[in-house]
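S.K.: Just so you know, the protein sequences line up as chains A and B, in that order.
Residues in the first sequence are numbered from -7 upward in steps of one, following the numbering used here.
Residues in the second sequence are numbered from 2 upward in steps of one, following the numbering used here.
Treat the hints with caution; some may be incorrect.
Pulled a few chain B residues facing chain A out of the computed Cβ check, cut under 10 Å [as the list claims (entries may be wrong)]:
| # | residue |
| --- | --- |
| 1 | Phe134 |
| 2 | Gly171 |
| 3 | Met200 |
Ranges between beta-carbon positions, derived for each pair [as the list claims (entries may be wrong)]:
| # | chain 1 | residue 1 | chain 2 | residue 2 | range |
| --- | --- | --- | --- | --- | --- |
| 4 | A | Lys200 | B | Ser161 | 30 to 40 Å |
| 5 | B | Ser161 | A | Val50 | 37 to 47 Å |
| 6 | A | Ser292 | B | Gly55 | 23 to 33 Å |
I should point out that these hints are in silico values taken from the structure, not numbers from a laboratory.
Backbone N, C-alpha and C define an ideal beta-carbon position, used for all residues, glycine too.
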Amino acid sequence: MEKWGSDQKAENSTRTEAMRVLTSIFLFFGPFLAANTLPSEKRKNGPLIQEALAPVQVYLQESSAVFYDNETYKNFIYGTVVSADGLILTKASELDQVSDYVVRIGTKKYRDVKVLATDTQWDVSLVAVDAEGLKPVDLKGESEVELGTWVVANGASERRFRRPRPGIVSAKRREIPGGTPAVLGIRFKMEDQKLLVLEVTKDSGAQKAGVKKGDLITSVDTMTIESEQSLVEYLRNKAPGDELKIGIEREGKTLELTVALVARHELYGGPQNRNDQMSGEFSARRTSFPMVLQHEVMLSARSVGGPLFTLEGKFLGMNIAAANRVESYAIPVENLSELFQRLKDKASIK
Amino acid sequence: MCGFTIPGWAGDDLSFNDQEVPTSLDDFRQIQKTLQSHLERARAATVCLKLENGSGSGVIVSAEGLILTAAHVTGGVGKEMTVIMEDGTQYRGVSLGLQSETDAAMFQIIDDGPFPFVSYDQEDTTKLGDWLFALGHSGGFDQSRGINVRVGRLVRDAESTIQSDCMLIGGDSGGPLFNMNGEVVGIHSRVGGSKEESMHVPLREFQRNWEQLLGEEFIGEGPFAQKGVPGTGFLGVLVEPDSDHGLKVIEVWENSVAQQAGILVGDHLIELAGEKLTAELFREEMRRRCAGDVIELQWKSGDQIKKQKIQLGQRP
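All chains, full assembly: derive it from the sequences and hints.
M.R.: As structure tokens, this is what we get:
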């Protein structure tokens, strides 16, 4: 009994000691936090700044499409409304990741969504919903703005409300050369002037297209395979999302399969550099664009595809990649306008 | 305020800094106009510091080419690096002192100036909530992209670190954070857990140690730079005294820095840092030198006198 009592006393005194330490830490940090830290709502991406951007929010609200995954109910990509009757442009390689989705424009939901055409060079798909009276972006504009100009894009989305997120045009307009290694997703060796498939990686383009272990690859697009090196060289000029026609011999029969290339890091993980590791969820396809406008609105792989506006609501382009922690890319309106025309032609829309 | 001396100055309406948050688009426009009025000058003074593996950024603060950067970029005193301007022009430079506890460092271009430079916030006037912009060679030098510009606010102010919500990435380290007077207020140091947490060394930390930094002192015990360990520097030669001819090279290690510099068996080492070499001086210097240190060596190869700066390797 006595022993129990003394233990309890010891515990009490320790607790008092701990409280004293805590109190002193609190006193030390308390006023410091209050005086020397800007509350998060006043920061660049905070809600009070968003409120001040209300006049630009109107444009995002009208001309953004939000794609929701029907399984997770999460939005996985944005789109840019380009016609009053429901034509939308979006990022093709992200759209491909989900098969069952709905689209929201403004407060309205559209269940019937059709992919009409895709351009792999720009990684853009033309999509249609059955709508009328939408407010499309102005594709006749121009994107030449000075470095440091404010731009606004979709930061996050509520069901009925598109939240504006600010940033500035942060670097020179330019071409982004290829750079993300693209792979078929097979292991192979050369045998009698043909490539013998030794292994097909799970979830790769090769697997999805039906390439099997033991297949003999005889050609890629119009090229006859001469060496392992010739295929490697050929792939070097390709980007993730590109499709290759693969000629195959299987059990004496010949067949042709269409295989979509995948970014190497998506399939095999690394090698990612340190800057990639600190960039969160960046776009798998973020290189090989003929022209981009670079800005620093904080985007992720899930928030590209939507429109980019100036403070005046002038449409500058469509966000196409969250390249890394500090760089976001948009397809300039001039290029997007041409691309839209090409996609309409491809889909035979007047 | 020294703003009126800057060409292209947009007027001294910085009232957005006195607002809790912008309340109208015009407030944003004023921020933009002010930022843009400083950009040309700020970009001209922002440089990429290229090391053997990797790169950082820095900013020129005098016509003679004094650069402020981060201690973890220079990594030591007396290190040679290439300075790249936004247009691709290259200069040679060498690191001066550093403060290893706050991440402040200085660097000097050794080629002739004058160089474009910016002023810094000497009076420490920048306060919480002020609008700022960050420049840097994010991810390394990229001529087609140029310098990356980001905007944000001062979100935390502590004695030896200031925090902004200008987003940073590797390669930006050592680059400048500007206030809306176009003055440098901080040097990019590191990032926090979220994309919007960027830490910078405040200019007051540079000013506090200005003379020691200029005087090539290595201040503090880290963590942003580690002092070299004396005796770890390795040239890769075995020498013997050869009367008045200097030190005769009798062996050169495979892949050593001596071999890379072209030193051959039979050559004579004559001078180290301008001093005539004796066996004693050589032994003493090598005992003192650390891996990564740069020595200036003069040697005789056949009839030719050669002189070269050599960065010491790691003693095996």
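S.K.: State for each hint whether it applies.
M.R.: Quick rundown of the hints versus the structure:
no.: 1; hint: Phe134; in the structure: holds, 8 Å
no.: 2; hint: Gly171; in the structure: holds, 5 Å
no.: 3; hint: Met200; in the structure: violated, 13 Å
no.: 4; hint: Lys200/A / Ser161/B: 30 to 40 Å; in the structure: violated, 54 Å
no.: 5; hint: Ser161/B / Val50/A: 37 to 47 Å; in the structure: holds, 44 Å
no.: 6; hint: Ser292/A / Gly55/B: 23 to 33 Å; in the structure: holds, 26 Å
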